[in-house]
Amino acid sequence: MDILTALLQGLPGFGGMSDQGLFITGAAVMATLMFTVMALCAIVFTWMERKVAGFIQSRYGPMRTGRWHGWAQAVADMLKILGKEDIIPAEADKGLFVFAPLVVLLGSLLAWVAVPWAPGFVAADLDLGLFFIFAASSMVVIGILMAGWASNNKWALYGAARGAAQMVSYEIPLALATIPVIMHVGSLNTQDIVIAQQGGIWHWFILRDPFLFVAFWMYFIASIAETNRGPFDMPETESELVAGYHTEYTGMRFAFFFLAEYANLFLVSLIAVFVFLGGWWSPIPGLDFAPALTFVIKGILMVFLNMWVRWTLPRVRVDQLMYLCWKVMIPVTLLCIVGSGILMITSGAVG
Amino acid sequence: MFERFIPVLLVLGVAGAFSGVFLAISFLLGPRRPDALKDSTYECGIPARGSIQIRFFVRFFLVALFFLLFDLEAVFLYPWVVLYKGLLASGAGGFALTEMGVFLLVLLTGFLYVWKKGGLEWQ
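From first to last, the protein sequence lines stand for chains A and B. Mapping to my numbering: the first sequence position 342 is 342, numbers consecutive. Mapping to my numbering: the second sequence position 121 is 1121, numbers consecutive.
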């Protein structure tokens, strides 16, 4: 944000602007940038997912469109989906049905506001940063419930109920797993969290103490469940519920759910990166010449790990899902909080 | 203070505007040929049977209740967590940790009760 305002100030025509004007213009540019990045990452990740899935299953994935490894496949899909009919079922609750995809999309995008891309480069430098991210991404649950209910379809309703149960359950370990990190930082501001990890890979929170290491993996598992991806894709189990909560959606509205899913995937990966994996700092101290690039590359690696898990492990049952969340992850994350607290006292190390 | 949230509103506005543009493009490009069969509820090809207001597994409501409790607990944890480092530095770390330990213990008692009662089983 500060960088952006400084940049704008240098541009002709912006020099005479007031600070507030610059701030608002900068924020608008940032907002547009973020929407573009989100749309772009959804396009790139759909292609990447199909390639990763392909190679894991000993096949190629898309190969034709755009010659080189079917790189244009996702673009073609997006263009195609723009020209599709928008079907609203006669039985559906029209208002909710039309509005639900927007709630899901806006919910996942809103959380992006507090992601720290580089030093001073964050759309909204909120003191409540991480808390805001979790709060905003909770909106997705409401959107999913709206979609399932409004579709007036049994599959959709079941999918939505499962999705809501799963997402609210895993939100607890997700939030609790980040708490040991906040204890070390003493701030919820996303910039502060990254700055606290300066100076090489051994300063990243994942390697600070054993409890943080466990907390990272708890976060990782919860984040997979939170994005409704395999092995935890209960809301849309194709073999049981057709497509879950978006069974009745077509065309652009379906694409919104799809966009939101990949935006969410990238978001939880980026959170993992800036909370546990050192944010924009490179693993070797002194090599921090491209912070934003480092950050995005780490994020993409996390996304890759997510895809790897999705295409390797079989889907769990609903009861196993709930067992894992309530009887394993919540006690373990609570233990991590207490353990980290005790360790901080005994080691006497503050920071 | 609140001007920090201006970007949040702007993102909402921009994202809403872009979504609207995409919907408008798809509205202009896409065909509109509704018919009774296409607009009927999808139930794997057979006519939809019965009402959508089906019976629900009671566990869904229990999960919602537990979520409320635990999420509130997390909300109570956050202020303590942010202050913990400062308290440690001022020498009140042990006190702070005990305080939170008592809070977690009370919560844990309830959690164990629910566990014993079978509230967490999904059968």
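A hint or two may mislead.
Said to hold, decoys possible - Pairs of lysine to aspartate or glutamate, EDC-like flavour, derived with a Cα cap of 16 angstroms:
1) B/Lys1038 with A/Glu85
2) B/Lys1038 with A/Asp86
3) A/Lys327 with B/Asp1039
4) A/Lys84 with B/Asp1071
5) A/Lys94 with B/Asp1071
No wet-lab data here; the hints were simulated from the structure. The structure presented is a predicted model; accordingly, all values stated were derived computationally and were not measured.
Consistency of the hints with the structure:
no., hint, result
1, B/Lys1038 with A/Glu85, "holds, 11 angstroms"
2, B/Lys1038 with A/Asp86, "holds, 11 angstroms"
3, A/Lys327 with B/Asp1039, "violated, 43 angstroms"
4, A/Lys84 with B/Asp1071, "violated, 41 angstroms"
5, A/Lys94 with B/Asp1071, "violated, 32 angstroms"
Against the hints set out earlier in the document, violations occur for numbers 3, 4 and 5.
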